[in-house]
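Asks: Mind docking chain B on chain A? Use the hints.
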Amino acid sequence: MMSKKNKRISLPEAAALIGDGSTLTFSGFTIWRRPMALVFELIRQKRRDLHLIEVNGGPQTEFLVGAGCVAVWESCWVGHELYGKYGANVSRKVGTGELLVEDYSHAEMTFRMAAAAAGMPFSVSQSSLGTDLHNPAYDMLGAAGKRDGRDGRIACHKYQFMDDPFYGGGQYVLAPAPKIDVAVLSVQQVGEEGTVRVAGQYYTDPEVARAAKITIVIAEEIVPEEYLRRNSDANTIPSLEVDYIVECPWNAHPTGMFGRYDVDGDFLRDFYQRTRTQEGFDAWAQEWVFGQNHLSYLEKLGWPRTLGLKANSAVNYSTSVKRGV
Amino acid sequence: MTMKEYAKTGEFNLADLLCCAASREVQDNEVVFAGTGLPMVAIMLAQKTHAPNLKLIFEAGTLDGRPAELPTSVGDPRCEMGASRSSGLYDAFAIAQRGYVDLGFLGGAEVDQYGNVNTTVIGDYLNPELRLTGSGGNPDINSFAQRTVFIMVHEKRRFVENVSYITSPGWRVKKWPEGSWVPRQALYGAAYRGGPSAVISTAGVFRFDDETGVIYLDTCHPGQTPEGIAELCQFDLDLSRVSGETPKPTYEELHLIHEVLDPEQIFIPKTVKG
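Residue numbers (my numbering), protein chains in the order written: chain A, 318 to 642; chain B, 579 to 852.
These aren't lab readings, by the way, just hints derived from the structure by calculation. Note that beta-carbon positions come from the ideal geometry of N, C-alpha and C, so glycine has one too. Hints may contain errors.
As the list claims (entries may be wrong) - Straight line, CA to CA, 30 Å or less: simulated DSBU-like cross-link-like pairs of lysine-lysine:
1) 752/B <-> 639/A
2) 402/A <-> 582/B
3) 826/B <-> 402/A
4) 402/A <-> 633/B
5) 463/A <-> 752/B
Claimed, not checked - Stretch by stretch, here's where chain B covers chain A in the computed footprint (C-beta under 8 Å, at least three residues):
6) 324-338
7) 377-386
8) 448-454
9) 477-490
10) 510-523
11) 625-636
As the list claims (entries may be wrong) - One side only, chain A facing chain B, incomplete, derived with CB under 8 Å:
12) 404
13) 576
14) 640
15) 642
The following block holds chain A by itself, in its conformation from the complex (with noise of 0.2 Å):
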């Protein structure tokens, strides 16, 4: 990977970076920092056939399926929290047939992660013994036809079942490490050769960063490399896994993110009440997608609305957001 080369790009850029077909995964937690301004620039350049990897889901993986730029969704769960109950757009796609889902548990799609993040073949675990999960009926990428070795991204298998040969510990479950083309974060600071801190909760992003072949990390701020390095063992990810670095602030919008801004629940709620239908969804994303830049899309949202977001420099979330009815 290139520490000498300029890693800055720009969200058009970075978004021309995955290709169709791409295995992808992304940075954050549900409704919390993810890369939606790369996000809404993949929907404009109507990218298409990606095959999403994600520790779990949220309204990134509604944005994108919803616009018909998925093929495949690979995860745990998809919803906005308390902002909507589920994944209107995957469940509608999931009828109709247009969209592959494939299930694993919470805690092994992180086991998982991991195991790619440190060149392993497989995770190892006891979890959700005994549950659908590991029902070879439900196989899904198998009864595709996608198994056969020719895409090799994707594993043979997607579980193997051994007893502990070691300690005589019972049945374990044996689930294939994905295969990431490229993965996207959402953070607050990254430096000009790529370095990486994460305020607040990590998530998955250590892991992600280092298992992918290409990292993009879209930062609310690039600040000068030696600020960082003053401080090392503050930051979350090394320079040398960070291929390509974009600035762009309030990046996350409509997810939060720690010491920056809140969640934009009403943006979330109106997005879940008026996507049930492909219609609905198609004229949201004329209305907030088509047509429309990062800056357009900020001055759309006004000041009003970003500053009630905005958070408290001292207790890293926005004090004067309602949140309740």
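Replies: Just chain B now, with coordinates in the frame of chain A:
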């Protein structure tokens, strides 16, 4: 009236009752894995009443949390203030798999008489009527914790003979790849720690027989009868061990829920509807 007295019917709502019932499942000094929603209020209520030394773990990576304000989700920055450590999912799940977790609170769309829970799909998995959120951490916490408590809406269509998809393992589960039914203890072997210990529904509190793993009714919520609750289950509900009525919230608990923990009514409304 003292703050420790139980409130009277008409002075609390169903969400208050569920929150207090859930809170009472927590014992002091326990490590508790928190999900989003009402359980978060319940655990923080326990922390402020009978379990001041409980250790709270949020799935997104906050360890031994003591939030000052109610988080709306486990990914929320509000989880982190006052915590021992903020990290990530690998830490949270590794700690759970390592065996540190005493109690986890979970939800579900369907439950069966062995405590198997479905949060994935309504109808046939391969031809779904409705795809739901998916498993999330439900089966993980249920596999790793010593005890799990489910909080559920009680409708006849949700309390079923067999769930249409086992998302989260109960007391009688399937051994794959062959798919034979086996007792949970037999499948988990040396990793066995426990399993579902209670279901708190909007009608009553249910527990599981130590030997058979079959669900039975423990207490009825105020206004419910054992026979009425049995009518709301698709399986034959064991009524032989009903111990009485679910204890009502105390005035202290109501004060903490509405004035201290959730004054914004994010999860618990203030309105009283019987």
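Asks: Taking the hints in turn, state whether each one holds.
Replies: Against the structure, the hints come out as follows:
no., hint, in the structure
1, 752/B <-> 639/A, "violated, 45 Å"
2, 402/A <-> 582/B, "violated, 36 Å"
3, 826/B <-> 402/A, "holds, 29 Å"
4, 402/A <-> 633/B, "holds, 28 Å"
5, 463/A <-> 752/B, "holds, 26 Å"
6, 324-338, "violated (count 0)"
7, 377-386, "violated (count 0)"
8, 448-454, "holds (count 7)"
9, 477-490, "holds (count 7)"
10, 510-523, "holds (count 7)"
11, 625-636, "holds (count 4)"
12, 404, "holds, 7 Å"
13, 576, "holds, 7 Å"
14, 640, "holds, 5 Å"
15, 642, "holds, 5 Å"
Violated hints for the displayed structure, listed by number in ascending order: 1, 2, 6, 7.
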